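*Asks:* Letter by letter, the chains look like this.
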Amino acid sequence: MSTAKFKGKWIPWLFLLPTLVILLVFLYYPVIQTFRLSFYRVAFLGLRTKFAGLDNYINLAQDSGYHHTVWVTIVIAAAVVVVGLAASLAIAMLANQKIRGASVYRILLIWPFALSPPVAGIVFLFMFSPGFGVVNYLTELVIGTELNWLGNPRLAITLIIMASVWKNLGYNIVFYLAALQNVNTEVLEAASIDGANNWQRFRKVTFALLSPMTFFLLITNITYSFFDIFGMVDILTKGGPLDATNVMIYNLYRDAFEYYKTGLASAQSVILFLLVVILTMIQFRTSGRQVHYGG
Amino acid sequence: MNATRKYLFVVLLIALFALVVAACAQPAAAPAGGEKVVEVTKVVEVTKIVEVKKEVEASSEEVIPEGSVVIDFWHAFGGGRKLLIERMVADYNYTHPGTYVRVENKGSYRDTLNAAILAAQQGNPPHIVQIFEIGSQLALDSGIFAPFEDSAGDFQPDDLIEGVANYYKFDGKFYSMPWNSSNPILYYNKDIFKAAGLDPEKPPETFEEMLDVCETITSSGAAKNCISWPLHGWFFEQWMANMGAELANNENGRAARATEVYLTGDAAKEIVTWWKEMYDKGYYAYSGKLEDWDGADAIFVSGQAAMEITSTSDVVNRQNDAAANGFELGTGYLPYPASSERMGVIVGGASMWLADGNPPEEMQAAADFITWFTNTENAIRWHKATGYFPIRKSSVAVLEGENWFEQNPAYRAAFDQLLNTKPVRATQGAVIGAFPEVRTIIEQAVEKVLAGQASVDDALAEAKAQADKAIEEYNKSVE
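Protein sequence lines correspond, in order, to chains A and B.
Under my numbering, residues 1 to 295 are what the first sequence spells out, in order.
Under my numbering, residues 296 to 774 are what the second sequence spells out, in order.
Everything labelled a hint here was simulated from the structure, so no lab data went into it.
Since the structure is predicted, the reported quantities are computational estimates derived from the model, not experimental observations.
Just to be clear, a hint being listed does not mean it is correct.
Claimed, not checked - Simulated pairs of lysine-lysine, BS3-like, Cα-Cα distance not exceeding 27 Å: (1) Lys468/B - Lys485/B; (2) Lys485/B - Lys50/A; (3) Lys564/B - Lys576/B; (4) Lys519/B - Lys468/B; (5) Lys50/A - Lys497/B; (6) Lys576/B - Lys489/B.
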């Protein structure tokens, strides 16, 4: 086997340069700055800085409001990931059946993915608004009462979870569909011959063969529910009511750009980052082991 | 397999970094201020603006005459107000050769202030920046602005309406030029008043009358709820002022830097107690979300509530809504508790700040433009097109001369309320560095009380502790 080689040593670097520059300027530099600023008291978005040691972290550790924020984030993320993956796998299984017009269904199912979270948020806001939302109109008709979707903490969390799950359905379905179509039918047939019923065939064969995809989606969905959920929260609830949906990413945004507490927000950013890295590492250690890459 | 996993891990790690950065760079979609910010309709407006902009760009590329002094002017208005500003600026450019004003919308109030601070940090500040009223202390502390009064020629400060001048004068000096100014008034649906058997020319004036009127309206079934206003700290601040109570110590932060807020005083308790009673009896309705102006508008315009309290800068919008939905609109004063004298309201809105660090001739040209932009004629033009106050006495004289207020009675209440305001520290408005955060803390306290999660006393005591801490943190960061 022959491999092509560059003549000079610097030519590959030259080709890499644009990417490296972009990474450096837009990724590594801001990240390093964020780490640095988390140890400072910062006024006016960095116009003035004063070294504060671990003050920002200590403040956060003692702030019961921040503990609540972390808790809310974990609850919402867990719900979004579990419900989202289960729902999209179920739908993908249905969409994978060989029926007439299957491709039309598939395209329709992928639709929500084309929307950005804020747009999806506005769609849900129109539907669930207390004053003019169609959902309350329907609940009034059917069960004779209106629900305060944005004003009741539990309903607001439910709404955020529903909207976030719906928004990411398309993305998950695309990946699951692709994976399902790669599942070797011979293995399934073999299982049938061995006397496996439908549930066993799904659980022991299909689901096992889907595990690399589930693992991949698990991680992308966690990052989605930690970070991309911002747009949804900002449009739908603004972190309310009573901070019920004040997730970490929203809280840090507010501290940084509305209250000008850049140092404190940087510390939150670092915590959020570490939290997701740790979660991801745990997954690689645990569920990652069970992933079956086939072949 | 191990290699694949490692590779996947690295990719994900990089994606994480990207997400953290990208998420933090999300533009603000939610500015607060005493101002109306249209969120849901924003999308529609943005598309409209994009279309208009495309047309403008297609027809005439921006050509800056050679040798002109170029002035950058950043503001936070969208929609019709943005187009009006652009038209006014174009007029200036035509009639003032040698100066070219380049106008740009920078998003919300907060976005605009953030953008100005960042630009100044990079040594390239714009010349003129619109900053919302509660950002005034921040702007002062940031040190990136020059006192307007020092660069301005004759901007006739004595001609400014007292209420407006009082808010923007710090230590007797105009650090910025007042521009769009408004305050809250009561809007009501005369048809619902008639249906409930009430006098459609007599809106309730006091907290107590409000309770009576609401009882009549809801029990008659003329409307499901009685009144709506956004759950926004601005209204709480206005009621405090209306009762003559200062919000912060050191004379509302105007004699010296404020260090604490008076959230546990009788005035604060009376306001929140009334608010709670209105809510518990089903009179007051809001969307369930903080600072949701659109939600309150929708409740009133759809006829679900008979009244709404919102900004005077919405006069034009509400008149259009009333016409579109076929009801007759009335306006009245912001209600107050009968136990206290009506002191009046605080001016909300924004002012124009002159950035420091540009060459003297550019700063001079910028100051000249600001003076022109807020002169008698332009103040009239701005008022008629938006509903914001005509900020000059000379403008009011002209408007009265042409019987403007008689022909447009809805503007009347808005205007009289401001003129009748007594100039004391309370109505001058508080100056607090951490005001944006303090405002949210107050809103959350009210939210807690309405939801029945805390008593009025407990919620306000907790809010005071939080607000005082926020103020302390802010003061530490600027010392």
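*Asks:* For each hint, tell me whether it holds in the structure or not.
*Replies:* Hints, one by one, checked against the model:
The suggested pairing of Lys468/B with Lys485/B is violated, with an alpha-carbon distance near 44 Å, which exceeds 27 Å. This hinted pair does not check out: Lys485/B and Lys50/A have alpha carbons roughly 58 Å apart, beyond 27 Å. For the suggested pair Lys564/B and Lys576/B, the alpha carbons sit about 18 Å apart, so the restraint of at most 27 Å is met. With a C-alpha separation of about 49 Å, the suggested pair Lys519/B and Lys468/B falls outside the 27 Å cut-off, and the hint is violated.
Distance check on the hinted pair: Lys50/A and Lys497/B sit about 57 Å apart at the alpha-carbon level, beyond 27 Å; violated. Taking the CA atoms of Lys576/B and Lys489/B, the gap is about 22 Å. The hint holds against a cut of 27 Å.
Violated hints, listed in ascending order, are 1, 2, 4 and 5; each of the other numbered hints is respected by the structure.
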